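Using full-length UniProt numbering, you'd call the opening residue of the sequence shown number 1 and step up by one each time.
Note that these hints are calculated values from the structure, not bench results.
Please note that the accuracy of each hint is not assured.
[What the hints assert, rightly or not] Here are the computed lysine to aspartate or glutamate pairs in the EDC-like style, where the Cα-Cα straight-line distance is at most 20 Å: (1) K138 / D48; (2) K38 / D67; (3) K138 / E24; (4) K10 / D48; (5) K100 / E7; (6) K85 / D131; (7) K85 / E26; (8) K92 / E7; (9) K138 / D68; (10) K85 / D68; (11) K38 / E72.
[Claimed, not checked] Pair by pair, the computed Cβ-Cβ distance ranges are: (12) K38 / F107: 19 to 27 Å; (13) M79 / T55: 34 to 42 Å; (14) L69 / E26: 24 to 32 Å; (15) E23 / C46: 16 to 24 Å; (16) L69 / F107: 38 to 46 Å; (17) A96 / P37: 16 to 24 Å; (18) P106 / A54: 20 to 28 Å; (19) A96 / S128: 33 to 41 Å; (20) D68 / I91: 19 to 27 Å; (21) D83 / N121: 17 to 25 Å; (22) K5 / D59: 32 to 40 Å.
The model shown is predicted, which means the values in this text are computed figures rather than measured ones.
Yeah, the Cβ is synthetic: ideal placement off N, Cα and C, and Gly gets one too.
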Amino acid sequence: MNPAKRELLKKELDSLLADGIIEECESPYASPVVLVPKPNGSMSLCVDFRKLNATTIADTYPLPRMDDLLTEAKSTAYMSTLDLKSGYHQIKVHEADQDKAAFICPFGTYKYLRMPFGLRNAPATFQSLIDKFRAGLKNVCLIWTIS
1 MNPAKRELLK KELDSLLADG IIEECESPYA SPVVLVPKPN GSMSLCVDFR
51 KLNATTIADT YPLPRMDDLL TEAKSTAYMS TLDLKSGYHQ IKVHEADQDK
101 AAFICPFGTY KYLRMPFGLR NAPATFQSLI DKFRAGLKNV CLIWTIS
């Protein structure tokens, strides 16, 4: 990893540590980190959870289909959007599963305390909680996630 990318990685780790999203750990699990360029030129820290995801039993919670949502929204007079910044990070990872969400990088081994992007069941978990949140708003509010 070149020095510029190392510095970007260090800044992102420091931010995640300060926000309580990750913490240092010793774990038998260690997925690799990948820095992925964003369209705006900045970099995004991603963890390659493919090996963990291959052994994870899929959560079959139904995710909404865009064509169904568009059909439902067709007759609405008003629309608005709400961006849940780092939405997955609002969800705590169960303590017994935190070591499984560990990753390794040049600065050490860390584990997620909050749900990261990239886990096999993250979209289903997030959608399930959002649907519980909007239970009383079923005919008023449509919610979908863009991954």
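Results for each hint:
1. For the hint linking K138 to D48, the alpha-carbon distance of about 35 Å lies beyond 20 Å, and the restraint is violated.
2. Between K38 and D67, the direct Cα distance comes to roughly 27 Å. Violation of the 20 Å bound is thereby established for this hinted pair.
3. Restraint check: the Cα-Cα separation between K138 and E24 comes to about 41 Å, which exceeds 20 Å; the hinted pair is violated.
4. Annotation: proposed proximity of K10 to D48 holds, straight-line Cα distance about 18 Å (limit 20 Å).
5. About 26 Å separates the Cα atoms of K100 and E7, which puts this hinted pair outside 20 Å; it is violated.
6. Among the hinted pairs, K85 with D131 is consistent with the structure: their alpha-carbon atoms are about 18 Å apart, no more than 20 Å.
7. Among the hinted pairs, K85 with E26 is inconsistent with the structure: their alpha-carbon atoms are about 29 Å apart, more than 20 Å.
8. Proposed proximity of K92 and E7 is contradicted: the alpha carbons are some 27 Å apart, above 20 Å.
9. At roughly 14 Å between alpha-carbon atoms, K138 and D68 fall within 20 Å of each other, so this suggested pair holds.
10. For the suggested pair K85 and D68, the alpha carbons sit about 25 Å apart, so the restraint of at most 20 Å is broken.
11. Taking the CA atoms of K38 and E72, the gap is near 32 Å; set against the 20 Å cutoff, the hint is violated.
12. The hinted range of 19 to 27 Å is satisfied by K38 and F107, whose Cβ atoms lie roughly 21 Å apart.
13. Restraint check, M79 to T55: a C-beta distance of roughly 40 Å satisfies the suggested window 34 to 42 Å.
14. Against the hinted window of 24 to 32 Å, the Cβ-Cβ separation of L69 and E26 comes to about 44 Å, which falls outside the hint.
15. Separated by about 19 Å at the C-beta atoms, E23 and C46 satisfy the suggested range of 16 to 24 Å.
16. Look at L69 against F107: about 41 Å separates their beta carbons, and that is inside 38 to 46 Å.
17. Checked against the hint of 16 to 24 Å, the C-beta distance between A96 and P37 comes to roughly 35 Å, which is inconsistent with it.
18. For the pair P106 and A54, the supplied restraint of 20 to 28 Å holds, since their beta-carbon distance comes to about 25 Å.
19. A beta carbon spacing of about 19 Å between A96 and S128 contradicts the range 33 to 41 Å that was offered as a hint.
20. For D68 and I91, the hinted distance range of 19 to 27 Å is satisfied, since their beta carbons lie about 24 Å from each other.
21. D83 and N121 have their C-beta atoms about 22 Å apart, which keeps the hinted 17 to 25 Å range intact.
22. Distance hint check for K5 and D59: the Cβ-Cβ separation is about 33 Å, which falls inside the suggested range of 32 to 40 Å.
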